[in-house]
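Asks: Protein chains in written order, with this note's numbering: chain A, 612 to 971; chain B, 347 to 425.
Treat the hints with caution; some may be incorrect.
Stretch by stretch, here's where chain A covers chain B in the computed footprint (C-beta under 8 Å, at least three residues) [as the list claims (entries may be wrong)]:
1. 371-384
2. 393-401
3. 404-415
Here are the computed distance ranges between Cβ atoms for each label pair [to be verified]:
4. B:G369 / A:L864: 21 to 31 Å
5. B:E374 / A:A896: 24 to 34 Å
6. A:P634 / B:E374: 43 to 53 Å
7. B:G386 / A:R763: 27 to 37 Å
None of these hints come from the bench; they were simulated from the model. Since the model is a prediction, treat every value here as computed from it, not as a measurement. For glycine and all other residues, C-beta sits at the position ideal for the given N, C-alpha and C.
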Amino acid sequence: MNNLPRERVLAAAAALRSLVDQPLKFMEVCGTHTVSIYRSGLRALFPEGLSLISGPGCPVCVTAQEEIDSLLRLSEMKDIIIATYGDMLRVPGSSTSLSEARAHGASVRVVLSAADALRLARETPNRTVVFAGVGFETTAPATAAVILQASRENVRNFAVLNLHKTVPAVLETLGADPELSLDGFLLPGHVSTILGLNPYLRLPEKYGLACVVAGFEPDQIMAGITLLVLQKKRGIPAVQSAYPEAVRTAGNLQAKRLLEAVFEETDSTWRGLGLIPRSGLRFKAAFSDYDARVRLGISDLPAREPAGCRCGDVLAGRISPFGCPLFAKSCTPENPVGPCMVSSEGSCSAAYRYGRGDRL
Amino acid sequence: MCLAVPHTLVEITGPSTAIGRAGTIEVEIRTDLIENPSPGDCVLVHAGFAIERLQPEEASEIDALWEEIRAISGTPQHE
Ligand code: SF4
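Just chain A, same shape as in the assembly (with noise of 0.2 Å):
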């Protein structure tokens, strides 16, 4: 850190020492601001009273069991090749992972982009290229930009498992939940960045909550949350910004066109938060050539958790990774039992990296 972020960050600590008199408690729904919050230390500037839960903001982590199964059982079938984001490798399904399957023969090749998927797919055209289309807003949009380039160039070996989730609806869930009591939500920086603010409106209007739209730097996350105490003293709760440079209130409207040709919204199941309704996308009619279930044939089965794995408490914020009873002893991401501790982006695996020391 150069010398203003350490002072802004210093600043906002002593402002919210402040500032806080009455327990407040916040959740951040970003897999890049948890990182980033466990690896500046930041919680162990806020005052007494003051909390900040992880939430369901790693999209890896939040795939269903039976999502995983359904992309193994992919990789599994004849002529298949899967290209998937490295994030997925290691998560264990019921009963394998990508990067066992692989070593037992299946095709699975790492991409860093959904374009380099549709690039596999021309290369490899006695073949069909299974891409696993995981992540949220942010990601959603270049998935979609593919298969219309897909479509346009009338690539037939092509297909996407589709495994995207959107964010604004599971935040109505868990800002509803009595148990929880959140005081307000550290909005994602670039979820946002594709939705605008409008969509979080419900959650000050309907359940009084705080939401700010954050940036990924300690002094950025700061201001942010200093913004989300300022709503709740105020007794103002809104949908704000602090992160202007990167998020319009309107969003990315041609990326949301995008999403719009491609995808429609649909019920969509989560690691431990089950059935959210309007929390996923699927495929629109007109596509359907391209969605690799109807393609392949496959439907989502029941799936098995890891035994003893708690990733679903901790991405519905019910736990911290540290009151997980295996995290650090059978679960360590060299040897990880779950897919929280899988995702360079997941809770368990920041709070191992970090964590150590960190106020919770």
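Since the structure of chain A is provided, determine the placement of chain B with the ligand on it from the hints.
Replies: Chain B with the ligand in isolation, oriented as in the chain A frame:
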């Protein structure tokens, strides 16, 4: 997974592709998600796609918040 890194567009190479630079590294970027990309634009890149044009000058919109934070904390401004 929603991490995005700022890049400067150095060349538009096609209807939905450009070369972007971050530090000394140049990479191909998809520009499907932004309107009228042009060289010199600073964009946020996530999973190979530019997801938004950054407006660094807008960052000063929260200067007022920082002033308020400093006033509450009693720390003088050293900018
Ligand atoms: S520490 Fe491991 S077993 Fe426990 S919740 Fe996290 S991922 Fe699951």
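Asks: Work down the list of hints and note, for each, if the structure agrees.
Replies: Comparing the hints with the structure gives:
Restraint check on the region 371-384 of chain B versus chain A: 5 residues with Cβ-Cβ distances below 8 Å, three needed, restraint holds. With a threshold of 8 Å between beta carbons, the proposed coverage of the region 393-401 of chain B by chain A holds, since 7 of its residues qualify and at least three are required. Only residues whose beta carbon comes within less than 8 Å of a beta carbon in chain A count, and the region 404-415 of chain B has 8; three or more means the coverage holds. At roughly 30 Å, the beta-carbon separation of B:G369 and A:L864 lies within the given 21 to 31 Å, and the hint holds.
Distance hint check for B:E374 and A:A896: the Cβ-Cβ separation is about 32 Å, which falls inside the suggested range of 24 to 34 Å. Distance hint check for A:P634 and B:E374: the Cβ-Cβ separation is about 50 Å, which falls inside the suggested range of 43 to 53 Å. At roughly 29 Å, the beta-carbon separation of B:G386 and A:R763 lies within the given 27 to 37 Å, and the hint holds.
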